[in-house]
Amino acid sequence: MMNQGNTMSNMKRLGWRHSGTVLGLAAAWFSRAAYAVNDLPGGPAVRQLNLQRPATLIAGEQIWLHWFMMGICVVIFLAVFGVMFYSILKHRKSVGHKAANFHESTAVEIAWTIVPFVIVIGMALPATKVLVAQKDTTGADLTIKATGIQWKWGYDYLKGEGEGIAFVSTLDIAQRQMSDNGGAKPGEIAPDDYLLKVDKPLVVPVNKKIRIITTASDVIHAFAVPAFGIKQDAIPGFVRDTWFRAERVGDFYGQCQELCGKEHAYMPIHVKVLSAQDYSAWVALKTAEKAAAKPL
Amino acid sequence: MSAVLDHPAHAHDDHGHATPTGWQRWVYATNHKDIGTLYLLFSFTMLMIGGVLALLIRAELFQPGLQLVNPELFNQLTTMHGLIMVFGAIMPAFVGFANWMIPLQIGASDMAFARMNNFSFWLMIPAGLMLVSSFFMPGGAPAAGWTLYAPLTLQMGPSMDSGIFAMHLLGASSIMGSINIIVTILNMRAPGMTLMKMPMFCWTWLITAYLLIAVMPVLAGAITMTLTDRHFGTSFFNPAGGGDPVMYQHIFWFFGHPEVYIMILPAFGIISHIIPAFSRKRLFGYASMVYATGSIAILSFVVWAHHMFTTGMPVTGQLFFMYSTMLIAVPTGVKVFNWIATMWRGSMTFETPMLFAVGFIFVFTIGGLTGVILAVAPIDIQLQDTYYVVAHFHYVLVAGSLYAMFAGYYYWSPKWTGVMYSERRGQIHFWWSLVSFNVTFFPMHFLGLAGMPRRYADYPMQFADFNAVASVGAFFFGFAQVYFFLAVVLPAMRGKGAPAKQNPWVDEGGKGAEGLEWEVPSPAPFHTFETPPRLDSSATRIIG
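So the protein sequences, as listed, match chains A and B. Quick note: the first sequence uses numbering that gives the first Met the number 0, first residue 0, plus one each step. Quick note: the second sequence uses numbering that gives the first Met the number 0, first residue 0, plus one each step.
There may be inaccurate statements among the hints.
[Said to hold, decoys possible] Quick look at which bits of chain B chain A covers, simulated, 3 or more residues with Cβ under 8 Å:
#	segment
1	62-75
2	268-281
3	355-362
4	381-390
5	449-461
[Claimed, not checked] Label-pair restraints from in silico Cβ distances:
#	chain 1	residue 1	chain 2	residue 2	range
6	A	V74	B	G191	32 to 38 Å
7	A	V74	B	K196	34 to 40 Å
8	B	L185	A	F84	37 to 43 Å
Just so you know, these hints were derived from the structure itself, not from any lab. Virtual Cβ for every residue (Gly too), placed ideally from N, Cα, C.
The task is simple: from the sequences and hints, build the whole structure.
Set out below in structure tokens:
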């Protein structure tokens, strides 16, 4: 008995010591894994579980739709597997359950064909409403062409305030190098906008309908900003469009979402949403810059 | 040595030629059981190679920043992981099951075209070699994703051409295999086995074989046009010459979506045998299972563009493909309900095949439900090309197809090898796989919702923790499959283990697995059903 007790306490001590080491390692790893990184407003949050905080009506509708679908799916999941696990617990041979003999019921089959069919229709109706709204690109206040180029984004302001402005937006070089060097080194602080910072963000006014026309000059890219609820492939030789109306000022981030070659992970999208006055000031500045740069 | 690898007995060899021995037995193989074994070993090899590629991907993604591979190689890894797993692992594995089990289940002496069977297997070897060796070609392996979207494929090096050729060979092999399966099932059933008395695995494979014949030529067309765009000056998909890259996607997914069902319908068939056997009850709603399988197959042809919601289809197009996709949930749901109704008020035991079958239903259904969520086009706009999609299709392909194959292996390997696997090891394999699978892929749902794009070699800091968890899970999952091979498959191939009874899945009351495969001894003799058996009225037993 005593011997056993000794062994037990030895094991316990050993276990504790080990769990201490494990805990320490885990803590060290987590502090490293966390990289002192913060949520990025307008971009992803740390260990985010759901869709990003919406900045447009459509993105809000998508979140609602996702919760709605999740709710139905969770109820179905619980109901179906409630039955299955009840059966697994009660109808097992080891508790002496004898097998019944039924193996057919047309009525039941019809019922569980019709009920899911009705549920599917119930899911499709609200989805249709959102889909039609998000495809309506008419009546835009500002039209901007986004051109996917391996591996950067070209922006041309085609119509509306700021017409004629054009520039190319590229990932911050220091961040690209940090990636090549294996990420943030110990002691180095990784920026919260790692791989999302660009030299020249796309600038748009708040509360205006912005139509984005996408195209590409080489391969297919995709222009996506989760907070706006938009994602549109940029296809070489073709133009496609999408739209958003940002409801608050701030910085919003997205990334290329269609495999486009080796630097696919390094062509982010940064949209800066400004108030009407700030936007006008930015347009004036850009126009002046352009005039100054013009050769005589 | 066991029956699988042993030299076969010649007791029934009355065809006037000796069965070759040694390497000739395998190279000249015409016996459906030998060819089935070859298919299964080939596909497991490819599973291991594809798995190593997956672990390299996960190792790179363990932390933000590039530590192990450069972005070029990363794209090659994701591309080849996909191609090897789909065309090298899952599809051939199901053909292996078909070769072994269809003749045994329908009371046929062999497959209808024994020599074509040999050819369709041996075509896979050069194709597999070409795929794997593409890493060592100038410029590395193809890096355009397993979907091989144009015009990115036009930028690829010479390995793209060998990849295309490999896919042509695999496609030809699949078509030959399908023709063989269709003719075998339609012409060689034992007298009395009407179509509606046929085992579900044969039904699902019959429908799968038709799907394969319908869509493999479509894939061949798409990649041939890619080839001529690359080398012969055509502009099918090359926008620089007036071609349409979106057309490629339409053609590819017209193949690609039925392909998804090609990879899951035979799994449904396997599960439909195991659930009744271990519930000691007949399959509930046999006829509706057949009709549901047919409905899924037909619907699979009209949903392809749900992979393309972000290409910018007109709103009517998006609506049509959203509705048709959601509709697939109905027959798929019917299948799940039928399995659960089969379990209901049964007398269940949970040997390893049943564990994997129940695990399949549970985890596959999660993948099915995320599929319904992805079908909703406005939500798909957020989730397309993110890790949510990666999570979804691994839930249906790994926890779906692969788990069903494990279930099938544990269920039928006593018949193949003549020895029982170790129940304890089977259970370790199951629980180890189930837990590590979910640790790997469940966090990917969160990553996708938060907006992490797939096929990214590096990612923003905020995604770091879930990526680390997924990577740890992936390594555990990988090791579980090595354990499966070393602790379960290898001993069985060496004939180690308790001798298997003719029907190991029948209890003292005579209830359990039914079907003609359990009417022949274990291990199944080299030649079975050389004269068509006389069947009872249910076509599950031999009389007289």
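Hints versus structure:
no.: 1; hint: 62-75; result: holds (count 9)
no.: 2; hint: 268-281; result: holds (count 4)
no.: 3; hint: 355-362; result: holds (count 3)
no.: 4; hint: 381-390; result: holds (count 4)
no.: 5; hint: 449-461; result: holds (count 12)
no.: 6; hint: A:V74 with B:G191: 32 to 38 Å; result: 45 Å, violated
no.: 7; hint: A:V74 with B:K196: 34 to 40 Å; result: 38 Å, holds
no.: 8; hint: B:L185 with A:F84: 37 to 43 Å; result: 40 Å, holds
In summary, the one numbered hint that this structure violates is 6.
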